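Chains as they are written, first to last, in the working numbering: chain A, 406 to 908; chain B, 191 to 538; chain C, 2 to 396.
To be clear, the hints were calculated from the coordinates, so they are not data collected in a lab.
All figures in this text were calculated on a predicted structure; none of them were measured in a lab.
Where is the CB? At the ideal position from N, CA and C, for every residue including glycine.
Do not take every clue at face value.
To spell it out: a stretch of chain C is covered by chain A in this simulated footprint if at least three of its residues, at any positions, have a beta carbon under 8 Å from a beta carbon of chain A; those stretches are [as the list claims (entries may be wrong)]:
#, segment
1, 253-265
2, 271-280
DSBU-like cross-link-like pairs, simulated, lysine-lysine; straight-line CA separation at most 35 Å [to be verified]:
#, chain 1, residue 1, chain 2, residue 2
3, B, K309, C, K203
4, B, K256, C, K194
5, B, K508, B, K384
6, B, K462, B, K493
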Amino acid sequence: MPGEPLLVARNIRKQFPGVLALDGVNATVRPGEVLALVGENGAGKSTLMKILAGIYQPDGGEIEFLGRPVRFNGPLAAMRAGISLIHQELNLAENLSVQDNLFLGRETTFAGPLKLLNNRDAGRIGAGLLQRVGLPVSFLSKPVGDLPPGQKQLVEIARALGLDAKLLIMDEPTSSLTQTETDRLYEVIADLKAGGVSVVYISHRLAEIRRCADRAIVLRDGRNAGELAKAELTHANIVRMMIGRDLKQFFPRHHRKPAGGTVLEIEGLTFRGGPKYPASLRLRAGEVLGMAGLVGAGRTELSEAVFGLRAITSGRILLGGQPICIRKPADAIRAGILLAPEDRRMNGLVLEDGIGANLSLPNLDRISRFDMVDANAERTLHADTIARLAIKTPNAAQAVGLLSGGNQQKVVFGKWLARGPKVLILDEPTRGVDVGAKTEIYALIDELAGRGVAVWMITSDMEELLGMSDRAVVMHDGRIVGELERNELTEEAVMNLATGVGA
Amino acid sequence: MRPFALVAFASLLAALPACTGKSGTGKVKVAVVTNCTDPFWTICEAGAKQSAKDNDVELVFRQPAKLEVASQMEIVEALLKTGIKGLAISVINPKEQTPDLTRIASQVNLLTMDNDAEKSGRLCYIGIDNYEAGKEVGRMVKRALPEGGTVAIFIGETTSHNAHGRIAGVLDELEGKDNRADITAGKYREQYGKFKLHRKEPITDSTEPDKVLNNASDALEQLKNTPNVAMVGLYNSNPKGILESARSKSLVGKIKIVGFDENPVTLEGIDKGEIEGTVVQDPYNYGYESVKWLAHMAKGGDKKALPTKATQHRLVTKTGEKVAGVEVPIYKASEYAKKIRDSLEAGK
Amino acid sequence: MNGSVIFGGFFAGSAAVVLALWLALDLPLRLLPLGNRYQLWFASLAFSLALLAYTLELSRRNLVRLVGVVVLLAVLIGTLAASSETAFDRSNIFELLSRQGALGVITIGAALIILTGGIDLSIGSVVGLSAVAFGTLMESGVSPVASLGLVLALGVAVGLTNGLLVTQLRLQAFLVTLCGMFVFRGFAREINKKQTGLVLAKENHPEMAESIDGLRALLVGKTENGALEFPAMLVVMLLFASIVAVILHKSAHGRYWFAIGYNDRAARYAGIGVERQRIAVFVIGSTLAAFAGVLLLLNTGTADPTNAGGSLELYAITAAVLGGVSLKGGECTAIGLVLGALVQPVINNLMTFLEIRQSAEPWVIGLILLLGTIADELIRRDAFGSIRRYFLRRA
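So that you can see chain A by itself, here it is in the shape it has in the complex:
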C-alpha cells in the first residue's frame, strides 16, 4: 500500500452511561483509499466515526492525523484539519438555498466589518461543487427543502467537498439515493480517490461495500472483529465477521404457501396531491408483493392514500371483494389494513415515549374498557410483543428513541401484530436496520405471509426485493408500469421498468 497512513486510531475507548461503546478499537486509513466500516447497529461504527469527526471526545486512546497526534474538541476543529462527516440524518438548513447551504458557516464575504456576502464568488465556486456531484448548476438558488432526499444527500456531499477535506466520512450515504444517484456517487468517490482523498464509508448494503471499498474494518460489540482486503469482501465473509456466526438463510421462505384469493383490490385510484394516472393493484392472501421504483416514483404516496392519509378523489378500494370507504387512518386500521411508514422516527414512533406506550398506542381500544386502560391487559400485550419480536430492551419503559434502528422497526411492527393484520404495508422495512435484525424482520415477514397476511413491501433495496417478493410491481413517474412474477424477477428487468426503459 502506498505511503504513510493518513490517520491512525489506537486503542480508542468510549464510555456512555451504562454502555461501553468502544473498547480499544484500532483503525488505520491510508491516503486515497476507500475504507468500509462495517458492523451491526450498536457495534460502535457511529461512535468511532463521531470520534474521528470530533463530535465525541474519546475517553481513552489516541488519534494521529497526518503523522501528528490530534485531539479535536469539536466538529469545527476536525473540519479545519481536513476531516468532514456526512451525517446519516441530513444536516442541511431546509429553508435556505442550496448555495447558502454549501457555504453555511464559511460564507464568502467581501472584506470589511459588515461581512457582506459575495454571491458572485460563491456562485462560481458552488457551481463547480454541484458539477462534481452531478447536480445541475441551476439548483444553486433552489431551497433545499424542495429537493428530494437523494438530491439533498448530494448537496451535503458537495458541501463537504467544498471544505477541501482530506478524509471524508460517509454514513449511509446511499440510503436515500436512487440508482442513478448512487452510480454518480461512486464516480465522485472514484474522483476523490484519484485526487488522494480518503473515504471512510459506512453502509448496511453489503453489495455496495463489495462494489466500492478497497478494504473493510469490521466491528462487533465495540471491538475490532477483523479486517477484510478487497479480494476477501464476499457477502458471507462480511456477515460472518459481523455477527460472529453463519447466517443460515438470509431470505427465508419457510412458511410461504401458494398465494390464496385476492384480499385487497385497488381499482383506478387517484388521490389528492397524487399523479393524474389512476392506479390499480391486487394483493393476494399469503403473498409478499414487492413494490420497486426510484425515489419519487409515487410508491409511498399510493400506500398512504390506501391507508387514509391522503384524500381519495376517484376509484375504489375493495377488501375481500367488498368496497370499503377509507377517509382516515382509523378506517384503514379498523379494516385491518396497516402501514409501517417509511420514516419511522418521524411518523411511526413517539421517540420520547417508552416501548410500551408506543405498542399500546394503536391498540388502546382493545386493552381498555370504558376508556380506562386495563393495566394487566397492557402488560400482557407488552410482554408478548417484546418476546415475540425479540426486541432487545431491559424493560418496556425504555424510550424508543434510544433503541437501535432494527429494534425501532420491530416496535413499529409490534404495534400492528396484536391487531391481526389482513394487509400489512411495509414501506422500506429494513432501512437503517443492521444485518442481524434484518434477518429477524425477514423471518417475521415470511411467517406473517405464511399465516395468510397480504404483505405489500415497498423497497429500494434490490437484494431485498429479489429475495423476499413472491411477485413484484414496479412504479415509474407515478404509474404502475409493470408486474413481474417470481420467475421473471431479475435486477435487470426491475431496473428497466423503474427507469422507464421497459415501458
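With chain A's structure known, arrange chains B and C on it following the hints.
Frame of chain A; chains B and C shown alone:
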C-alpha cells in the same frame, strides 16, 4: 449541580431582607393600599411617609400591579394577617366591595381615600367628589368654547366609580343638568347641549401609555378640520397624551385641551398656555391625612375629630387668577408644580 | 372530517354536562342545610385525594419533573414560615389554598392544551368574559345555577371555535388564541359597560340572594360578608385535577394526548383522530377557564369588564410549566399542576409578609421564578447525568 441550585436559592433568600422595608421598631403599624400603580400614588406615598414620620407610626404602602379587585384584595387579606392596626384603601368598586370592607372594618380601623364606599362602615372618606370635579372640568370646557362645539373625552376606563362620576359630571355640566342620581355609565348620546360628543362615547386606553398617545393622535387626525374642538383628558396620563400628540401634529392652540390631575407635563402645558387648565385632587394630602387619622384612631383618639366632608378639589390655571363661577381655590400652574416637587423631595 | 358530527356531538355533550352540573349543584343547594357543606367538602376532598393518589405515576421521568417544584415550594414556604409568626395562622393558610384553587383551575386547562402541542392565550379574557357574563346574567334575573350552566356552555363554544380554527383551518394556536384574547375582552366590555357584581345582582333580585350566597358558600367557601370559612376553591380544583389525573394517567384519551404532544404525525399514523382530540382539549381548557370566571366573580364579588382576569393566561402557563409541563408538548402530570398552582400565591403572600419594597417587588418575583426554573432545569438534567459529566470532563 444540586449544590449550585441550593447556593442560588440561599443567596436569593439572603438578598430578600435587603429589599424589605421591615424595620421591626415595635411601633403601631398602619397600611395604605391604592387601586393600582401610578405616578399619582407616588405623590400620595410621599405624603403618607411624611405623615408616618410626624405621627410616629410604621407605614406599609402597597400599590397593586393591576387595577383589579382580585389583586387588591389579595394584598389586603395578606396585610390583615401581618397585624396592622389601621387600613386606608382606595376602593375600586364601592358597591361590590362593601360586604368585604364591612367585614374588614369590624377587624381594624378602616378609612377610604380617593374613592369611597359609603356604606362600608369606614370611619371616614378622604378624597374629592368626582362628580363635582367633573362638573368643574365641564365648566372649563364651556369657558373655552362658549359657542359650543365638539368634545372628545379620553379616560383609562369607563367602569370604575371614579370614572363614572367624572364623565357624568362633565356631560351633565355641558348639557346644563344637575342629576347626580343618574351616574349611569354605558349610555351615551351624540349631543349634550351645544356640544357634540366625539365617537358618541368616552375613548378608553386601559392606561397603556402607547394607547393613550395613539387614541389622542387618531382623534386629532379625525377632528383636525373641525372647528371648535375641545379634548378632555380625565385620567392622569390623558392630558399629557393629548398635548404630546397635538404638539407632534402642530395643532396646539387650534384645539382646546382640558385636563385632570397634576401630571408634570400637564402643569407645564398649562404654564405655557397650551392647556386651559386642570382639576387637581391633592394626592399628597390623601396620603398625609389618611395616615394621620389612622394614627389618631390607633392611639385611641376620638372618632368625632374625623373629617366628615369630601376634600375639596382645586383648579390649576396659567395665571391662578379668580374666575367667575368657580368656588374652589385656584392655583397658578408654575407654583403648583413647584409645590409638588418640594413635597416629593421632602418625602425622600 | 365531518364537521356537523363534531358540532352535534360536542353540543350534545355540553348539554349533558350542564344538566349533570345542574343536578350536582342544585340538589345539594336545596337539600343540604348550610352546616352540611363541610361534609360535602370533606367527602370531595377525600375522593379527589384518593383518586390523585391512585393515579400517581411516579415513574423516574415524572419524579424528576416534580423535584424542582417541590424544592421551590419548600424553600418559599420555609421562608414564609420564618417571616412572621402569623404567616401560618389558619386564616392565612386558607387564603393561600383558596388562591391555589383559583389559579389551579385554569392551570389544568392551560396544561392540557400545552400537553397536546397547543397554547391558549385567550384564557384570561375568557375568565373575564365569563365572570362578567355570569354577573350580568344574575343581574338580569337568571338563577345562579342556570347562569353557571350558560357560562359553561359559553366556555364550550369558545373552545370549540378555537379548536376548529386550529385543526380545520390549520391556523397556529398562538395566533388564533391571541386574537381570541382581544375578541373575548371586547365581548366582555360589550355585554356590560359597568363593573358587575353580586351585591348588584342581589339588589336587583332579592329573591335570588339566598341561592347566590349558597352557591358562593359552596364553591368558594365564603360567607355572606366575604369571610373565608373554608378554601372550597381548592376542593373544586382538586376535583378537576383528580378527574384529569384519571384521564391522563389511566385512560386511552390521556395516552392519545401524550402521543399527540410528542409526535402528532406518529399519532395520526396510529389511527388516532388527532383533530378531534385537539378540539376536545381546547373545549376542556376553555370550559375550565369559564368555570374559573364564575369562581372569580363569586370570590371577589365583582368583575370589571376592562380587566377582570387580565394576564391570567400567563400565570396559568407559568404555573403549568413550574408544575412540570413542557412547552414543547407531551409532558404533564396532574399532581404537578396542583403543586405548580401553589407557587405564585405563596410568592405574592411572601411579598406582603416580608414587606418587600414596592419598587423591588416585580423583579423579586421575576427572579424567584427564574431561579426556580433554573434550579428545576438543572436538577432535571442532573438526573440524566449530563451536567455532571460535563464538569468531570473539564476537571
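Of the numbered hints stated previously, which ones are contradicted by the structure, given in increasing order?
Per hint list: single violation, 6.
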